[in-house]
Amino acid sequence: MPFIPHSEHDISKMLSTIGVTSIDDLFDEIPDNLRCGNLDKIPQGLNEMEVTRLMRERAAQDGLPLCFLGAGAYEHHIPAAVWEITTRGEFYSAYTPYQAEASQGTLQLLYEYQSMMASLMAMDVSNASLYDGASALAEAVLMSVRANKKSKSRKILMPRSINPVYRSVTEAIVKNQAIELIDVSYDSATGQTDLTALQQFAGEDFAALVIPQPNFFGVIENVDALTAWATESKMLSVAVVNPMAMALLKPPGEWADEGVDIVCGEGQPLGVPLASGGPYFGFMCCKQQHVRQMPGRIIGRTTDLDGKEGFTLTLQAREQHIRRSKATSNICTNQGLLVTAATIYMSLLGPEGLKKVALNSHKNTQLLLNRLTEIKGVSAVFKASTFHECVVQVETDAKLLIEQLAKEHHILGGFDLSVDYAELGNALLICATETRTREDIERFATTLEKILDN
Amino acid sequence: MLIFEQSHTGRASNAQLPADNDALSSLPADALRTTKPNLPEASEMQVVRHFTRLSQKNFSIDTHFYPLGSCTMKYNPRACNTLASLPEFTGRHPLGPSLHGQGFLKCMYELQGMLKEVTGMQAVSLCPAAGAQGEFAGVAMIKAYHDNRNDTQRCEILVPDAAHGTNPASAVMCGYKVREIPTGKNGDVDIDALKAAVGPQTAGIMLTNPSTLGVFDRKIKEIAGIVHEAGGLLYYDGANLNAILGKVRPGDMGFDVIHMNLHKTFSTPHGGGGPGAGPVGVSKRLKPYMPVPIVGKKDQQYVLLDENDCPQSIGRMSAFAGNAGVLLRAYIYARMLGREGMPRVADFATLNANYLLKRLMAVGYDAAYPERRATHEFILTLKKQAKELGVTAMDVAKRLLDYDFHAPTTYFPLLIPECLLIEPTETEAKETLDGFIDTMAKILVEAEGDAQLLKQAPYTLPVRRLDDVKAVKQLDVVWKKTEVKQ
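Protein chains in written order, with the working numbering: chain A, 1 to 454; chain B, 1 to 486.
So here's chain B without its partners, still in its complex pose:
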């Protein structure tokens, strides 16, 4: 039942209403609202119960194994939330003087330093609000760099066909044309195709390494050489940084600019679709163009550096300093991991992924790249099952929900048919992985016995498969008051 359907005219959460104030209003009558907005009229307890019950209809990391590939659904330590929610942190006005923010700014300054060190970049700006905004900032810096050198013929960004959809979309938002580079048979970028594609029109390439195919591109140095030789720059999509944290640094691979997804690698919550944080790191030549504000130090005081301090900056991405509260959670997590904990993240994320892959292959699933080592994630392809049994990747994903496992990422990357992209993360215990493997084996047996069973799944959730076509054709995105049942 919707919250609106529980509404009763005249009911209110009375403890939340401010006291009446008898000062005179000076508002002109024609500026005033005359219609009542359709907000619920409900008691505090009704509201609490309604949203608590809604929460119980969700799968989440706190309740379920959530092997959603490319999203790094690891445990979000509660301390990070508790400490970032201290009243001085949540109560700080973004335009308050740095005098009343030395504690907060020191955390941010140190976070910039730690991210610099672990990525091998020369400088970091924390302000992009999410990965896609980090991508935008990164590509805008590449553009500013070329423009500043009057190298204005560079109108193209290269993007491998396995890339996240955000990559081409970000490049276009920066005014670039996108050229796709195919993937070779072994999962690495097709070097010959890359060589053929680069030229004086190349502004740069956007790469994820390990790629979304779950493999580390071994020829990364060669790729960097080819693109740099042509005058282009290299952009690193940090979505998969969890795989290599403290093991290999994008700066050492030759990247000029990177973004990090702190809601992935640094374990800030995904929140049902955000907030994220997408800080950018740069090499020396892109340093002048970083988005502002950046945390700096002047006369032993931490301050926010702005357009006056960084006159060549590409500018601001949001009104204040980005998703500060997310950055604070990432800082606390990074301090708890410390220098010794960071490479352990990559170690155990990789151990879990390779263990899962090996055992899932043993129970009858096909790996997309069986001859390759898995990184922190890997791809299964159900091409064979689709052809022989008529069971798709989506069917397996939906059936997993019945067994209390969140589904892996389905149908991404697009170039692998019937794929499941599986990322267990380092925070899952062996017995959880074993339970998942047993269930996957059981589902395969079910598929062989009665494919229809899978095609109708799930059966045990609050709803069964939803009619997405109807959702588009009979668009219902806003509840209307006339629907109140009397």
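One chain only, chain A, in its complex shape:
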């Protein structure tokens, strides 16, 4: 029996200890008319060799196309040591560190993670993870409504330059609590959130302004001005950032005079593979004054009976297992293993390595943009600087172009923006991280040239 160690002898000894004659007797409290029959629609079991053959066939079907696609998930090199250590059984098969004495490995690692993340964001505190970037923004929005003591508003200013799927996830999660998301337009020349458009909301009551950096177009926002405007308008500021970009760009804790109130985002760039979209992890940092409104696990350093340093779950009075209906969130199981990978990744890269990855990704995307816009029928859309993604317009149907690149040339040629941003026409969001070479970029460019020539 797969994964069941019992011998016939064990079974009969155990049954006689219990005082029943068969295993089926143990289900005697379940009404007979509820018992189900055989699960005929489920296939018969496979052994490991058979399931290995099956999964290899399925994997081979999918292939590995050349990727210039980002839009919220980024291909970075992951050092071999990251997942070698992360999948050690002691990390992989442990659970939430409720028994602190038997979980010091995970707890210390999470404390180190919180320290790294808070420093990368230049914020006071970090939690130990949420599900992903989009749901982290939803939690940040809920948190901002609780934490803004100066306003009773349940309205949030949400730039259109934010990843549209983050907006829709946030909407799905917060709408049942009567929280309203109000669009803020972007400047069609720069691709940045429009500061003049923001003026129309001056004097109105809002709980928070959301500020992406970089925004969905890859464009670097004027974060100081946006943060200052939010503070003046007595609303909280919620940053949504790419953690990789923060090795290069000014971190949210240093925006304007006092920094933002809450930072969240997608942790995937820090050592987590693309893997069809998950598991990734959401991160969240905030100012010290808001820590009791933060959702999710938080690890603290303390001492034991002998005065020795140790680590434990702390501020648990915020959480569902203690506070039930009055908790800051319903989150329980989060993304611990991904945080393990990210902590090892950040330790291996260090401050210089992370900056180099960010800089190389930025420069590769510049190369890509310069090369593609040499092609007749391809032009850059926005004037403002970008991190490692940018928008180009093509003189052909963007959707069909992407399909053709994938199907005939095994190239993922970017994200089609025409669905979410019809006003941009046939626009593609493209990305080249540090993993793309000049040869990769040339292959993409010459293929595109040929397609557009025909």
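The set of hints was computed from the structure by calculation and includes no laboratory data.
These figures come from a predicted structure and were not determined experimentally.
Any given hint could turn out to be false.
[What the hints assert, rightly or not] Which residues of chain B face chain A? A partial, calculated answer using Cβ under 10 Å:
| # | residue |
| --- | --- |
| 1 | Q102 |
| 2 | C310 |
| 3 | P311 |
| 4 | N352 |
| 5 | G449 |
[Stated by the list, open to error] Capping the alpha-carbon separation at 27 Å, the derived lysine-lysine pairs in DSSO-like fashion look like this:
| # | chain 1 | residue 1 | chain 2 | residue 2 |
| --- | --- | --- | --- | --- |
| 6 | B | K284 | B | K358 |
| 7 | B | K36 | A | K399 |
| 8 | B | K442 | B | K185 |
| 9 | A | K41 | B | K442 |
[Stated by the list, open to error] DEER-style ranges, computed between Cβ atoms:
| # | chain 1 | residue 1 | chain 2 | residue 2 | range |
| --- | --- | --- | --- | --- | --- |
| 10 | A | D224 | B | D20 | 26 to 34 Å |
| 11 | B | T35 | A | A422 | 37 to 45 Å |
| 12 | B | E307 | A | R323 | 18 to 26 Å |
| 13 | A | Q177 | B | E180 | 53 to 61 Å |
| 14 | B | E222 | A | E204 | 46 to 54 Å |
| 15 | B | D151 | A | L452 | 52 to 60 Å |
Yeah, the Cβ is synthetic: ideal placement off N, Cα and C, and Gly gets one too.
Once you have looked at the hints, place chain B on chain A.
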């Protein structure tokens, strides 16, 4: 020692640094970072050694018996990890065309089908990232259903007092008020209290069956009748699905919506606190509201169905398609179990739990419900020991750690005083259970002889009992650079 305390300015894991690139940067100076983040500067070997050593300070399934009730800490087959980590699976971009994902999507489509069959539901959406997100999605569907019928007076969700804390928290996140239903003396829901609580304000009830008390609620059909009669819907918390896998199906019990914890029943790793996966299954009337994306089939191709295909959907729970890699591991596990292996999970999980219960009672422990059959887990109450010896459930739990056993769940459910919730799972051998029983017997003898011994436990772990009060009062959640010892 913290990784930061091993840091040396200028040291790096050089093999991990990308080559310099001489293209010009166009970034404006005022957008750039000027401070160096406090990340470790260390060699690759230092990092590997540090985190390997940290891992050795953990208890885990791979190293220890881990009878943590309600968490289903069973063996996580290594094949599931190895095969889900094939480069084509880990390298697939979530927004890549379905053309480059037919293999992956076929696995997901078949997983939806298997979960449907084993739960008796009409449709499954895999996208919720964990149990609590599945609960949120489930309750949001209940709300969407009532709202769509203009039945907007239904503002209350009923939750038994034994429920997981996530249940009331999820209901509140969906904008509902929570009303608690008491448990009867025998561990089943108090039917009279339920009858008194339901009404035109009832949106639904959230139930775990078997409940967190480790017993199967025998009156489940009656409960379903009462709630449905009042116009409410039934939500099934699948945390305890391991107990009944392939034996009883939530769909047949009358539930309208369920979530499953694949990191429990389908043996994906718990990872030190996630990732999980919390797919939801629904009855016919909730099908239009399922969260997207859902894997469908169009023109013989597997595709992700989105808001355009499912216009009444409650929407998206995460940016992409949920914890895909976890779902892949669950799929591989389900294929290895097959139709014959699924009921065996419930068989042996139940056999192990009943054997443990019987023998622990024989060595002197009290069951919370001695007259009831254990399901896949059961509760001991140390009320007597607390009163007579001054030894608490926490003391016994901590002492177990000294004997190399992970502790059971303590102080949950809240309504049983001094409780230990014990779940052995089907993957543990009899001799492991016997070792645990012998140790529990020994601890009881210790408690009778020298209660202080237990109150100070553990003694043999990397740290002794930690000062949780200090952890809150002198909050230290981030290491600061000034602390570097020179």
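For each hint, the structure was consulted:
| no. | hint | in the structure |
| --- | --- | --- |
| 1 | Q102 | 5 Å, holds |
| 2 | C310 | 13 Å, violated |
| 3 | P311 | 13 Å, violated |
| 4 | N352 | 8 Å, holds |
| 5 | G449 | 21 Å, violated |
| 6 | B/K284 with B/K358 | 42 Å, violated |
| 7 | B/K36 with A/K399 | 42 Å, violated |
| 8 | B/K442 with B/K185 | 31 Å, violated |
| 9 | A/K41 with B/K442 | 48 Å, violated |
| 10 | A/D224 with B/D20: 26 to 34 Å | 30 Å, holds |
| 11 | B/T35 with A/A422: 37 to 45 Å | 41 Å, holds |
| 12 | B/E307 with A/R323: 18 to 26 Å | 33 Å, violated |
| 13 | A/Q177 with B/E180: 53 to 61 Å | 21 Å, violated |
| 14 | B/E222 with A/E204: 46 to 54 Å | 53 Å, holds |
| 15 | B/D151 with A/L452: 52 to 60 Å | 55 Å, holds |
In summary, the structure is inconsistent with hints 2, 3, 5, 6, 7, 8, 9, 12, 13 from the numbered list given earlier, while agreeing with the others.
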